[in-house]
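**Q** For reference, the chains in residue letters:
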Amino acid sequence: GAVVSQHPSRVICKSGTSVKIECRSLDFQATTMFWYRQFPKQSLMLMATSNEGSKATYEQGVEKDKFLINHASLTLSTLTVTSAHPEDSSFYICSARPRTGVNSPLHFGNGTRLTVT
Amino acid sequence: DAKTTQPPSMDCAEGRAANLPCNHSTISGNEYVYWYRQIHSQGPQYIIHGLKNNETNEMASLIITEDRKSSTLILPHATLRDTAVYYCIVRDYQAGTALIFGKGTTLSVSS
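Chains as they are written, first to last, in my numbering: chain A, 27 to 143; chain U, 576 to 686.
Derived by calculation from the structure, the hints in this document are not laboratory data.
Straight-line alpha carbon distances no greater than 30 Å define the calculated DSS-like cross-link-like pairs of lysine-lysine that follow: (1) A:K46 - A:K92; (2) A:K90 - U:K578; (3) U:K644 - A:K67.
Far from chain A by the CB rule (all over 10 Å, computed), these chain U residues: (4) M585; (5) R591; (6) S600; (7) I638; (8) D642; (9) R643; (10) R656; (11) S686.
For the chain U half of the interface with chain A, some residues (derived, Cβ under 10 Å), not all of them: (12) S616; (13) Q617; (14) Q620; (15) T672; (16) L674; (17) G679.
C-beta atoms are modelled at their ideal positions from N, C-alpha and C, and glycine is treated no differently.
Model the full assembly from the supplied sequences, consistent with the hints where possible.
**A** Structure (structure tokens):
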């Protein structure tokens with residue numbers, strides 16, 4: 027089945043630094059990738075939609091200058107949390123839609139646990 | 576996208592069938608029903624999806640009512656590893672948009 031790989035799985039960083047999270051589709055091309063975050067005991071919240079070769083679309087309330095998204099190829103999207111603060115500590119999850127078939131199920135990475143100290 | 580309603584929690588004995596209901600009374604004709612589950616501290620896992628016919632795969636069966644206003648996910652022989660949060664999501668196929676997650680149903684399977 028389709029595999030989405032996220033790296034790193036866990037990261038701890040100091041307040042004020044930046045962290046980059048990678049999302050790769052390993053065995054399919056993905057023109058669109060989605061980024062979510064999940065706080066403890068809550069559901070996944072969509073942050074942004076990432077389209078290959080164009081600017082990402084951010085959900086209301088998500089700061090585009092803080093959460094930089096780059097989707098430079100059909101198999102890789104990155105999320106950079108800039109000037110991280112403790113309140114950015116969360117579980118970040120990406121998903122990707124195979125290029126073929128809008129009804130194809132989205133596939134998810136295993137998430138990145140970010141802790142900002 | 577149409578909204579879904581699921582019970583917050585359900586219990587199931589190991590080896591028995593787990594039947595997880597979902598109401599989606601405002602579903603439109605071009606919306607599919609998707610089921611995902613999330614085991615603690617992992618990304619969501621795709622289970623099954625359907626439009627109007629019942630579907631079955633190696634993981635589960637999906638029963639959609641004739642009026643499409645509700646559906647049931649069936650795990651035929653639940654195991655302890657099926658303990659997870661199960662999400663029922665309806666999605667407009669034309670949009671190719673993200674999945675929007677509700678609160679889901681926490682299924683607890685016990686021995």
